[in-house]
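Chains as they are written, first to last, in our numbering: chain A, 1 to 193; chain S, 1 to 193; chain P, 1 to 193; chain G, 1 to 193; chain L, 1 to 193; chain H, 1 to 193.
Derived from the structure by calculation, the hints contain no laboratory data.
Each hint should be verified, as a subset may be incorrect.
[What the hints assert, rightly or not] Across the chosen pairs, the derived CB separations fall in these ranges: (1) L:Arg123 x A:Thr21: 40 to 50 Å; (2) S:Leu110 x A:Thr21: 35 to 45 Å; (3) H:Glu180 x S:Leu110: 36 to 46 Å; (4) G:Thr112 x S:Glu62: 54 to 64 Å.
[As the list claims (entries may be wrong)] Derived DMTMM-like pairs (lysine to aspartate or glutamate); straight-line CA-CA distance at most 20 Å: (5) L:Lys33 x P:Glu63; (6) A:Lys188 x S:Asp60; (7) H:Lys188 x L:Glu63; (8) H:Lys188 x A:Glu10; (9) A:Lys124 x A:Glu100; (10) H:Lys33 x S:Glu10.
From the three backbone atoms N, C-alpha and C, an ideal C-beta is built for every residue, glycine too.
There are 6 protein chains.
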Amino acid sequence: MKERRHQSLETAFLAEEIEYTGAELRSHFVREKSGIEWDGVVAFVGPCGVSGERLVDLEDAEEQHEIVSKRMLHFIAEHFQQPLREGNVRLRLFASIVKEALEAMSPGTLVTRDGDDLYVNKRKLTVAICTASSLSTLFHYGVNVNPAGAPVAAVGLKKFGVDPKVFGVSVLDRYERECESIERAIRKVRGVS
Amino acid sequence: MKERRHQSLETAFLAEEIEYTGAELRSHFVREKSGIEWDGVVAFVGPCGVSGERLVDLEDAEEQHEIVSKRMLHFIAEHFQQPLREGNVRLRLFASIVKEALEAMSPGTLVTRDGDDLYVNKRKLTVAICTASSLSTLFHYGVNVNPAGAPVAAVGLKKFGVDPKVFGVSVLDRYERECESIERAIRKVRGVS
Amino acid sequence: MKERRHQSLETAFLAEEIEYTGAELRSHFVREKSGIEWDGVVAFVGPCGVSGERLVDLEDAEEQHEIVSKRMLHFIAEHFQQPLREGNVRLRLFASIVKEALEAMSPGTLVTRDGDDLYVNKRKLTVAICTASSLSTLFHYGVNVNPAGAPVAAVGLKKFGVDPKVFGVSVLDRYERECESIERAIRKVRGVS
Amino acid sequence: MKERRHQSLETAFLAEEIEYTGAELRSHFVREKSGIEWDGVVAFVGPCGVSGERLVDLEDAEEQHEIVSKRMLHFIAEHFQQPLREGNVRLRLFASIVKEALEAMSPGTLVTRDGDDLYVNKRKLTVAICTASSLSTLFHYGVNVNPAGAPVAAVGLKKFGVDPKVFGVSVLDRYERECESIERAIRKVRGVS
Amino acid sequence: MKERRHQSLETAFLAEEIEYTGAELRSHFVREKSGIEWDGVVAFVGPCGVSGERLVDLEDAEEQHEIVSKRMLHFIAEHFQQPLREGNVRLRLFASIVKEALEAMSPGTLVTRDGDDLYVNKRKLTVAICTASSLSTLFHYGVNVNPAGAPVAAVGLKKFGVDPKVFGVSVLDRYERECESIERAIRKVRGVS
Amino acid sequence: MKERRHQSLETAFLAEEIEYTGAELRSHFVREKSGIEWDGVVAFVGPCGVSGERLVDLEDAEEQHEIVSKRMLHFIAEHFQQPLREGNVRLRLFASIVKEALEAMSPGTLVTRDGDDLYVNKRKLTVAICTASSLSTLFHYGVNVNPAGAPVAAVGLKKFGVDPKVFGVSVLDRYERECESIERAIRKVRGVS
Numbered sequence: 001m002k003e004r005r006h007q008s009l010e011t012a013f014l015a016e017e018i019e020y021t022g023a024e025l026r027s028h029f030v031r032e033k034s035g036i037e038w039d040g041v042v043a044f045v046g047p048c049g050v051s052g053e054r055l056v057d058l059e060d061a062e063e064q065h066e067i068v069s070k071r072m073l074h075f076i077a078e079h080f081q082q083p084l085r086e087g088n089v090r091l092r093l094f095a096s097i098v099k100e101a102l103e104a105m106s107p108g109t110l111v112t113r114d115g116d117d118l119y120v121n122k123r124k125l126t127v128a129i130c131t132a133s134s135l136s137t138l139f140h141y142g143v144n145v146n147p148a149g150a151p152v153a154a155v156g157l158k159k160f161g162v163d164p165k166v167f168g169v170s171v172l173d174r175y176e177r178e179c180e181s182i183e184r185a186i187r188k189v190r191g192v193s
Numbered sequence: 001m002k003e004r005r006h007q008s009l010e011t012a013f014l015a016e017e018i019e020y021t022g023a024e025l026r027s028h029f030v031r032e033k034s035g036i037e038w039d040g041v042v043a044f045v046g047p048c049g050v051s052g053e054r055l056v057d058l059e060d061a062e063e064q065h066e067i068v069s070k071r072m073l074h075f076i077a078e079h080f081q082q083p084l085r086e087g088n089v090r091l092r093l094f095a096s097i098v099k100e101a102l103e104a105m106s107p108g109t110l111v112t113r114d115g116d117d118l119y120v121n122k123r124k125l126t127v128a129i130c131t132a133s134s135l136s137t138l139f140h141y142g143v144n145v146n147p148a149g150a151p152v153a154a155v156g157l158k159k160f161g162v163d164p165k166v167f168g169v170s171v172l173d174r175y176e177r178e179c180e181s182i183e184r185a186i187r188k189v190r191g192v193s
Numbered sequence: 001m002k003e004r005r006h007q008s009l010e011t012a013f014l015a016e017e018i019e020y021t022g023a024e025l026r027s028h029f030v031r032e033k034s035g036i037e038w039d040g041v042v043a044f045v046g047p048c049g050v051s052g053e054r055l056v057d058l059e060d061a062e063e064q065h066e067i068v069s070k071r072m073l074h075f076i077a078e079h080f081q082q083p084l085r086e087g088n089v090r091l092r093l094f095a096s097i098v099k100e101a102l103e104a105m106s107p108g109t110l111v112t113r114d115g116d117d118l119y120v121n122k123r124k125l126t127v128a129i130c131t132a133s134s135l136s137t138l139f140h141y142g143v144n145v146n147p148a149g150a151p152v153a154a155v156g157l158k159k160f161g162v163d164p165k166v167f168g169v170s171v172l173d174r175y176e177r178e179c180e181s182i183e184r185a186i187r188k189v190r191g192v193s
Numbered sequence: 001m002k003e004r005r006h007q008s009l010e011t012a013f014l015a016e017e018i019e020y021t022g023a024e025l026r027s028h029f030v031r032e033k034s035g036i037e038w039d040g041v042v043a044f045v046g047p048c049g050v051s052g053e054r055l056v057d058l059e060d061a062e063e064q065h066e067i068v069s070k071r072m073l074h075f076i077a078e079h080f081q082q083p084l085r086e087g088n089v090r091l092r093l094f095a096s097i098v099k100e101a102l103e104a105m106s107p108g109t110l111v112t113r114d115g116d117d118l119y120v121n122k123r124k125l126t127v128a129i130c131t132a133s134s135l136s137t138l139f140h141y142g143v144n145v146n147p148a149g150a151p152v153a154a155v156g157l158k159k160f161g162v163d164p165k166v167f168g169v170s171v172l173d174r175y176e177r178e179c180e181s182i183e184r185a186i187r188k189v190r191g192v193s
Numbered sequence: 001m002k003e004r005r006h007q008s009l010e011t012a013f014l015a016e017e018i019e020y021t022g023a024e025l026r027s028h029f030v031r032e033k034s035g036i037e038w039d040g041v042v043a044f045v046g047p048c049g050v051s052g053e054r055l056v057d058l059e060d061a062e063e064q065h066e067i068v069s070k071r072m073l074h075f076i077a078e079h080f081q082q083p084l085r086e087g088n089v090r091l092r093l094f095a096s097i098v099k100e101a102l103e104a105m106s107p108g109t110l111v112t113r114d115g116d117d118l119y120v121n122k123r124k125l126t127v128a129i130c131t132a133s134s135l136s137t138l139f140h141y142g143v144n145v146n147p148a149g150a151p152v153a154a155v156g157l158k159k160f161g162v163d164p165k166v167f168g169v170s171v172l173d174r175y176e177r178e179c180e181s182i183e184r185a186i187r188k189v190r191g192v193s
Numbered sequence: 001m002k003e004r005r006h007q008s009l010e011t012a013f014l015a016e017e018i019e020y021t022g023a024e025l026r027s028h029f030v031r032e033k034s035g036i037e038w039d040g041v042v043a044f045v046g047p048c049g050v051s052g053e054r055l056v057d058l059e060d061a062e063e064q065h066e067i068v069s070k071r072m073l074h075f076i077a078e079h080f081q082q083p084l085r086e087g088n089v090r091l092r093l094f095a096s097i098v099k100e101a102l103e104a105m106s107p108g109t110l111v112t113r114d115g116d117d118l119y120v121n122k123r124k125l126t127v128a129i130c131t132a133s134s135l136s137t138l139f140h141y142g143v144n145v146n147p148a149g150a151p152v153a154a155v156g157l158k159k160f161g162v163d164p165k166v167f168g169v170s171v172l173d174r175y176e177r178e179c180e181s182i183e184r185a186i187r188k189v190r191g192v193s
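Bound-form chain A, shown alone (with noise of 0.2 Å):
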């Protein structure tokens, strides 16, 4: 059976550095900076500071919450058509991508995931959120490279002696796999009674 390549979905990593803010968490920011015309996620290293009305996570705004970071490994995804539930399932999928791939590239590392959090020795390495736009489900994925100034106890790649950019195109390339792949496993099945 000949095997031919089909992306459901293309990636792409930034150049240039960028601040997250939360504003960014919007339909075609994929599009805008990458020039992607699919569904698709970018990656870019920044540092992070969000609150008041940009915190989408409900949680995090009711108890006035600051997400801050100094350096950041971020990841901004957009799937077009894709209902919320399956995007929020799509995430912790992610979540468990970004532990596989940091145990790869750094071995002995125990990285310990609660849902769509990712933790080391109690320590938190990432922030994640997945919402709606009426378009589309968007997500974005935070990594700390330097976690200076986070309100909680964190860790970031920087101790693992992991670089970001590295990082970043091994998560991107391992989920654009992991997208096709479960788009050949819908279609090779048969339906039962």
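Starting from the structure of chain A, add chains S, P, G, L and H where the hints point.
Here is chains S, P, G, L and H on its own, set in the frame of chain A:
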């Protein structure tokens, strides 16, 4: 904010041993065996032997594979009114959960995930498939206990000194909490533009 | 077969009185007022005055109606990831439940339903609307307690000696059980050809 | 604003008597018997006897119930491309309509609804089930005319002096108008935030 | 088999001339102008001038295009509760219908379709866009009558001696019948394995 | 903006001749014959003879039609996880593409479309049907090459000197580009209010 428990699915570990032949991957098997009247997952221990028409995975059927294992821990899940694409994303997440449960119970064991399959030292630990009935999506997830008879290099829970019942209950509990927290997540976000 | 309770939605009767102006028909109002983190319905008592831009019912807006009532029992419901068509069918069912609850609590009173509206002796007992946010469907159901100020012939619970709180709790309980039993119903049938 | 009639479904009362055995709950039965080429409901009178494999209600099947009634007014509905959850909400609404039609035609009779079942003085008036084919959702709603043979305490339309044909036509007409007005309702609201 | 007419959508040709600025592509514009309370399409004649924020087509917006035409025949359609993907397939079909109507009315004219655009002798005849509100999908289809001012080589109905009103009514009628026959088609097939 | 190719479906022209009997309209026929593991369309040449149970079109079955043609160019398409309504809109668009391809290849030939059927001089050129499996929608589109045996006035590609393979490849290519550009279109628009 008060914390109430809402089960989005129910689980049960079955006392009886059952051979998995592929015929069990059908709508209402979960209900018949456990009395669960909701979305649900059952786990049980028993041999595995699937061949011919019962291979719903067309890749296996086309290559006339057989799925054989002397003793497996089986999971069968049924989610009603769920699209098959979401079902497959959920199955990948279930595979991540099985990996995480084994890493927690057998410290030092490195488990690798490739789609819905798990490996330890390149030996296959699991079999997995997700399909649809006209009412639901269903998945079977089989974890080798003793992989004798498997047609490929395989490994089982026995090798790691992990008890299948204790392990099965742990996976059921993790998946139940994961599904509930996904339901909570889709209800706690602001939409974006 | 064991009988377990699965809430498909949660309800709360709010102690505080709140005026309904139309602005309350928005995503997460239920969560804000009750702490419910699931699909939910809240009930409360207060005046009603909706006009202008806040009339989401275009028939009302086009005819420059106002919705006014001195004292009403209000219900606001939010179901996430639910299509608007299903939301409207559910609203009609909610109207039936209100009718049944009043018939049970005020024997001999004949309540007539016309779509989502209820009447007693051709006098209007209720107002109702169902709409969508980008995350959910929402409905408002208002039952007159004292309809003074209403622009049409109207009647209220006071007339029947029915206490709004006792009545509201009864409706919430009936709707909660109805929604749960619908979830059970979709999981207990064989498909047909 | 002009008022035009848009049928969202079509109905027919069948002249011939037909025994309901369960086999009639299949896709295109409505079309075959009535020529309706749209979503539709047919009503007809005949005995009822359902057992064994034809019990699509698993609760009945598990307890080896039989559904028997000497003479019933039957309704079979088919809605294409409708999710089963919406189908079940619609069935509850249909049950409310049957209740309302009987109350209108037999003043003073108190009908109680419990999910999709109706009772008069704790005697069962109806049987109901909603299921799915791969193309549609279908429901059967049976109203006893003469419940002789029923395995539980039952009552029929005959007892109330209600003619099954007149009653059936009234229910069909109410349901047709209800479905049309739901379609109108989803098109006349502003969205909210 | 009896033949009954079921309108799945309603259409109207508006007597007044209206300039199309992009702001008309919004939910309930069809209802406001025509009183249609169902899925609907309106047609009208008027100039066209769209620029800046009102360009919902991001390709146009990114390249700072303007859409200008001295006189156009405009169609605005709104289908409620329709996914955007289906909306776009429907728009392509609408473009085919416009092509067919022109070929019928101006024999010998060869019209070429490229996606949702039509050309005669490589000159652009039309502009088209499909988008979503939170309640519906909407499309605008503009056919040049007199393309003066268009930024590309363009052609209009005037050139072919085709009256815009006669043409518009013909297109509305063809689309109405097409949509109805699609509804009929999904209800007249057996499912397959 | 960079231009990358994303196939939303894959196509293949089959070298072998295959008789179309109706049994080919089933899930995974495309995969079995071509190895395509994605949404796909295959084309092939062969006789056509469909009758009895294999007529999935109920209008044909009710009138005991037979579909016969000595030699046809057949297309079988399978789109996974696609609603039947969208499938039928897509089939109409496919019919438009076949019309356009013939007009391009046989200049001066006037092809008329009526729903999913094509005619030349009131003689039938095609047969078409769209149906659903539990996993996908499927369509068969047959274009007469030599219509000998057809029960109605018919015409074939041979008459126009059009080679079925060249023609089939052209249609496959047009449809593949159309489907891809639809995917692009749903990702390049702003939502509206």
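Identify every previously stated hint that the structure contradicts and give their numbers, smallest first.
-> 10
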